[in-house]
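Chains as they are written, first to last, in our numbering: chain B, 825 to 1084; chain L, 7 to 341; chain S, -6 to 372.
The hints are simulated quantities; they were obtained by calculation from the structure and are not laboratory data. Treat the hints with caution; some may be incorrect.
To be verified - As a list, the in silico EDC-like pairs of lysine to aspartate or glutamate whose alpha-carbon atoms are at most 16 Å apart: (1) L:Lys209 x B:Asp985; (2) L:Lys209 x L:Glu25; (3) L:Lys28 x L:Glu219; (4) B:Lys1002 x L:Glu258; (5) B:Lys1079 x L:Asp247; (6) L:Lys203 x B:Asp971; (7) B:Lys892 x S:Glu3; (8) B:Lys1050 x L:Glu137; (9) S:Lys262 x L:Asp307.
Values in this document were obtained by computation on a predicted structure and should not be read as measured data.
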Amino acid sequence: MNIVVCLKQVPDTNEVKIDPKTGTLIREGVPSIINPDDKNALEESLRLKDEHGAHVTVISMGPPQAEKALREALAMGADEAILVSDRAFAGADTLATSHALAATLSKLDYDVVFAGRQAIDGDTAQVGPEIAEHLNLAQITYVEKVDIIKGGLKVRRAWEDGYENIEVKTPVLLTAIKELNEPRYMNIKNIYDMFQNKEVKVWNATDIGADVALLGLKGSPTKVKKSMTKEPKGKGELVQLPANEAALYVVSKLKENHFI
Amino acid sequence: MNIEDYKGVWVFAEQRDGELQKISFELLGKGREIADKLGEKLTAVILGDKTDDMVKELAAFGADKVIVASHPLLAHFTTDAYAKVICDLANDKKPEIIFIGATYLGRDLGPRVSARLSTGLTADCTSLDIEEETKNLLMTRPAFGGNLMATIVCGDHRPQMATIRPGVFEKLTEDKTKKCEIEKVNVKLTDSDIRTKSLEVVKVASVLADIGEADIIVSGGRGVGSKENFSFLEKLATNLDGVVGGSRAAVENGWVDKSVQVGQTGKTVRPTVYIACGISGAIQHLAGMSDSDFIIAINKDATAPIMKVADLAIVGDYSKVIPEMIAHINTLRNK
Amino acid sequence: MNFTLTKEQEFVKQMVREFTINEVEPIAAEIDRTERFPMETVEKMAKYHMLGIPFATKYGGAGGDNLSYIIAIEEVSKACGTTGVILSGHTSLCVGPLDMFGTEEQKMKYMVPLAKGEKIGAFGLTEPNAGTDASEQQTTAILDGDNYILNGSKIFITNGGVAETFIIFAMTDKSKGTRGITAFIVEKSFEGFSVGKLEDKLGIRASSTTELVFTNCIVPKENMLGKEGKGFGIAMKTLDAGRIGIAAQALGIAEGALDEAVKYMKERKQFGKPLAAFQGLQWMVAELDVKIEAAKLLVYKAAANKDAGIPYTVEAARAKLFASEVAMEVTTKAVQIFGGYGYTKEYPVERMMRDAKITEIYEGTSQVQKMVIAGNLLK
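Pulled out of the complex, with its shape left as it was, chain B reads as follows (with noise of 0.2 Å):
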């Protein structure tokens, strides 16, 4: 079985802080890692490298420095590394990324195409089913449980209020929730074996094909007009009393308000 994983590398967006002199975001320091999401696909990818012999290929569409984050997968067990890079991709947004990933996959041959549900930088969930889109794959997003059967899977995704088990035949795409598995950290033996014998392929525009109209800003339907952090609030009530008149204060604001 042929797995590609997609993976993006995000800055660790719990560590980001507003700086409050100039109200825009701190990106210095700010650690890069593997898009948590991707890491459960990776996780059980190579699960299934482990227990049936799958082939684990990982790709990722950004800049050079992503190269990290793939070579962490590799250190992790994956097989192959492909970087998909090009300065014809930026501006990219998700329906345009989407066509640079479906466009490097159809080089490749795979039977499950392994995503993370969303990206913690983008939070938007969309690359995912666009890939299958393009790709013309049947889906199946927030999965929570894979198992191989007979000519392709059995599935549990979830649902809000419970979850669906659901068989589908290969290739088939996958998005992957954190309650999926514990991803695993990276293994020390495969981290000497990976950089002395394992290259990261990086691949350009024209090494996948892919329409340049379709790629970057010029492919990327929608643009973002302008971006703000978030307005604080008018200033709040801080208190600090024992807790009975605390709380007397408290209530006493909630019948003020109707709320009670």
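Could you slot chains L and S onto chain B? The hints should help.
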């Protein structure tokens, strides 16, 4: 693609097991406003089986028109069936705007549809408006884990698509007298159109009310310390006829069920009153509740981020303040 | 002179850091309190090839270098001194000598499972009457046909109660003094071998520190490690390398303690200001920061020398001497910064202080290190 050909605001009316989801009405509420700004019709699109009752509800909550796609194969959501029906309809009728709820279903369906229609989709919009000069839809949404707000425009492609989270907008008041045009479309679907085979759908029994419906939420975070201590919050919630919520930390520690997780990766809530106990107020949590009407925070740390966001910040120990609150409320009620 | 880590070393550091935060730190206080050996951590480390980092893959190792291994000890020690010494004791003191002195058969039979972490290793040199004076070995090994019969005991053996493979030193010829000491590979299952008393210690309390008892213990003669009479040299060479590991453990403990103190200084307020606003404390942590950095350079240099194949005996002695003293100073001052709270078990610094002390003692006391350094200086 001639932009001028595209008219009308569509709302995907999400139903599950024959019941319309709350989000459908919220989308109609906002959709009404947008349609009025454009001077165009608001259409609800419903896919399902046995849809008659649902059609009436959609009319009563703001739809000028309801497009009904009724077919046994649409009773339960599958990407293939729903995407096919909606895209065929969209290509045929050319709506200018399509709103879809950012539910698990909507986030599966939305991008599949937008990709097939080769148009733009903006996810998790928290505010929508029409730009004066261009009449383009302005879609504002959080990014970077909620640290940033971005306003997105889909200028050259139609339809403009947006997904909206439940709890962000409000539904209109019910108007059973509202006139509504109903169009039943002929659905061409066969088993071979659907590549996934649903074996079973299991509801995980939770006695908890949908936290998104609650007017009052008493929420706890890491500072609550244990599952047992959540009983303080439960008592207050019961007293106020509200529900208990939790931050991600509380969920990960197993103190509350994940269905009541409030925040970036949990639910967005806009209750009338949100009482945060032992919650520090990380951006990811604030993203899920900062639009609450009235926020009360009880925390031992006066400098915790939530204290700046709260309308009323109490520096103290929730385990002492809450019992006192309950006592005072009961006294008030007995008067 | 290149002061940057290689890509591999950066990745190892990142991996061990994540592992430490998720697996080591959460149980550090509990295992210290209950003196429970963290077997589950060892099993996890084995899975990730952490128990044979600097050894060739042919022998079950991860194929890495010594500096990466040292960084791994440093990282785990930031959260837990015990886990640091479990790692160091096993790798440097048991797998190490097998790698340096073992025959191909011995490597295949013993080194591979140890480097893979399938078995835990230990090193038995110290005896009731042979501590700093390691030459006063009283455990004897008499040849009897195809076996050596060992009699005697060892004390204060790290991993003693959990190891399955031991490097044991015994007297094969009393008349020759230190040249009569021989090294042996002993398996826990050998007849006549038993684990004795478990020590109740001040620090690294979850480390299994035990007595080993040899009562007519039968050791096949092919289990002699190196040549007869060469044992003392093997022990000394092994300890040279092991010292770098302990220096790394001390360094990690010091760094962990300073991190805690700095974090606390920013949060704790007295006299209306955070502790971090008081110059006396600012200067205190500044001085500790410099000492830690100096220790780090000594430790890394010793490891780098070993990787480069150049002598590292004096470098290792310097590193261990300095890093252990720095660890003691930093942890003691960290407790001071925490004040009353630091003296309680609710905060980690008192444990770090108790853990730090042993680094000045085992694998050659600070006094021994000075002997080595002075010996080199004044030869």
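Each hint tested on the structure:
1. Annotation: proposed proximity of Lys209 of chain L to Asp985 of chain B holds, straight-line Cα distance about 6 Å (limit 16 Å).
2. Taking the CA atoms of Lys209 of chain L and Glu25 of chain L, the gap is near 15 Å; set against the 16 Å cutoff, the hint holds.
3. For the proposed pair Lys28 of chain L and Glu219 of chain L, the alpha carbon gap of about 9 Å is at most 16 Å, so the pair holds.
4. About 12 Å separates the Cα atoms of Lys1002 of chain B and Glu258 of chain L, which keeps this hinted pair within 16 Å; it holds.
5. For the given pair, Lys1079 of chain B sits about 15 Å from Asp247 of chain L by alpha-carbon distance, which is consistent with the 16 Å threshold.
6. Distance check on the hinted pair: Lys203 of chain L and Asp971 of chain B sit about 14 Å apart at the alpha-carbon level, within 16 Å; holds.
7. The straight-line distance between the Cα atoms of Lys892 of chain B and Glu3 of chain S is roughly 11 Å, inside the 16 Å bound, and the hint therefore holds.
8. For the proposed pair Lys1050 of chain B and Glu137 of chain L, the alpha carbon gap of about 13 Å is at most 16 Å, so the pair holds.
9. Between Lys262 of chain S and Asp307 of chain L the CA atoms are separated by roughly 12 Å; this keeps the pair inside 16 Å, and the hint holds.
Violated hints are absent here; each numbered hint is respected by the structure.
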